[in-house]
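Let the hints inform the model, and build the full structure from the sequences given.
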Amino acid sequence: MNLLVRSLLTLSLALLLLPAPAGAAADPPAELGPFLDELGRQVADFRTLKTDFVQTKEMALFKDKLVLKGRIYLQKPNRIAWHVDKPLRYSVLITDKLIRQWDEETNQVQELSLEQNPIFQTVLNQLTVWFSGEYGTLLGSNDVRLVQTAPLVLEFTPKANSLAVKAIRSITVTFRDDRKYLQQIRIQELSGDVTTLQFLNTRLNAPLEPGSFEVKGHV
Amino acid sequence: MSRPAALLLAVLLLAGCAAAPFRETPPVCMAAVDPQQLLARSRQELPEHFQLLHSVVFDYRWRAFTAIGMVDVDRPARRFRLVCMNPMGVKLFELSGDAQATTAHFVMPALLEQGGDFAGTVGADIRRIYFDPLPAGETEVVRRRQAIIFRQPADGGTLEYVFAGAAGDLVEKRWLDADATPVWTVSYYEHRTVEGKRFPQGIVMVNHRHGYRLTVRPKESAS
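Keeping their order, the protein sequence lines are chains A and B. Going by the numbering used here, the first sequence opens with residue 1, and the numbers climb by one from there. Going by the numbering used here, the second sequence opens with residue 1001, and the numbers climb by one from there.
Check the hints yourself; a few may be wrong.
[Said to hold, decoys possible] A short list of chain A residues far from chain B (calculated; beta carbon distances all over 10 Å):
| hint | residue |
| --- | --- |
| 1 | Asp37 |
| 2 | Arg71 |
| 3 | Tyr181 |
[Claimed, not checked] Below 25 Å or equal to it, Euclidean Cα-Cα: the simulated BS3-like pairs (lysine-lysine) are:
| hint | chain 1 | residue 1 | chain 2 | residue 2 |
| --- | --- | --- | --- | --- |
| 4 | A | Lys216 | B | Lys1219 |
| 5 | B | Lys1219 | A | Lys65 |
| 6 | A | Lys50 | A | Lys69 |
| 7 | A | Lys86 | B | Lys1219 |
Everything labelled a hint here was simulated from the structure, so no lab data went into it. Where is the CB? At the ideal position from N, CA and C, for every residue including glycine.
Here's what the structure looks like:
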């Protein structure tokens, strides 16, 4: 499995699901292990998520940035829809059994087996890990540093024995001021590329319309 | 199904597959166009160094796969850089190259597992699409009523450039092997002038030998 893909897809998708710690306005604890464990325990209250996103890619080989905009809908335990609105319209639905995707260029809906698609399989597996609240396991493969408390910023740096260390320099996660959700994920790659994923208009546990998980001709 | 009906269906299916999703260049009579003046004007309107964001649809064996690409082309230096990612923003490959060689900076292992020289193949397609946009050296000029064709020897075969339309744009470039069999064809559609330079708004490259097609559309970044 590709390390970069694993890192970009799994960590970014998974990290965006981080809930706020109990007592959101309180300072984070000195020990990050229990802090991350506490984050995991909060997951049980998390059923649905809807958010807009802006993904900015700064690539070492290019002077112009690439910006993608879209929406993410998530319903536990294992249903996620990722809609891209710009620069092209694309939708993918990932469940525990299948992947269904559509794009405006082909205007075709493709259904793929999750079993035969290791990239998407890893995404879902990692999401499941996050839902189960095993955040403390991040400490096994990453050095975690508290960058600042207001807003809360955590930096994950792959350890030398981690698979991600060959591709990722660091992943920095910024929480909203109220710490109820993420504001931004910034992934710095060893190649010099930087990907920033900003979340806007995020709502947790909001009702999701059935159309949120339709892929063809989404609006 | 009867044999004629089956043949008709096959022809219709093939025709449908071959149809480009762009408007054909409206034909005009080219009888009064001087080929050398046409080339001189085309040279003036040729973008030399540009960076484009585009979508790419790769069609192969009845399956279509869409990606987002960013390409930087420096024609005078004969250099290119290309990054391609899936629509979720996951990088698939990143290459750079010149007229002869292609360097792979990153290629997703799943693509390498398909076998063959992945970077070399992509690099060759980039050169076919963006490099050598005008005939050079000794060329044979073939006049058609609605097109001017330049032919020049290349790589043991013949490289043909077809110019047509009111603006005399390059609408097709194709390479034929020694048996005059088309090996690849690049078609350019819907040209627009941007800051005095002509850019096609649609490109279709067909590799007849390997049976795949690339459809390229420029896109605007969401910023």
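Inset, instruction - Hey, is Arg71 (chain A) genuinely clear of chain B, shortest beta carbon separation above 10 Å? - result: holds, 12 Å
Legend entry - Pair hint outcome, Lys86 (chain A) versus Lys1219 (chain B) [Cα-Cα no greater than 25 Å]: It holds: about 9 Å lies between the C-alpha atoms, which stays within 25 Å.
Inset, instruction - Decide, holds or violated, for the assertion that all CB atoms of chain B are farther than 10 Å from the CB of Tyr181 (chain A). - result: At roughly 20 Å from the nearest Cβ of chain B, Tyr181 (chain A) sits farther out than 10 Å, so the non-interface label holds.
Legend entry - Restraint check for Lys1219 (chain B) with Lys65 (chain A), where alpha carbons must lie at most 25 Å apart: Answer holds: Lys1219 (chain B) to Lys65 (chain A) is near 13 Å, not above 25 Å.
Legend entry - Holds or violated: Lys216 (chain A) to Lys1219 (chain B), with C-alpha atoms at most 25 Å apart: holds, 20 Å
Legend entry - Status of the stated non-contact between Asp37 (chain A) and chain B (beta carbon gap over 10 Å): Answer for Asp37 (chain A): holds, closest chain B Cβ roughly 30 Å.
Inset, instruction - Assess, step by step, whether the Cα of Lys50 (chain A) is no farther than 25 Å from the Cα of Lys69 (chain A), and give holds or violated. - result: holds, 14 Å
In summary, this structure violates none of the numbered hints.
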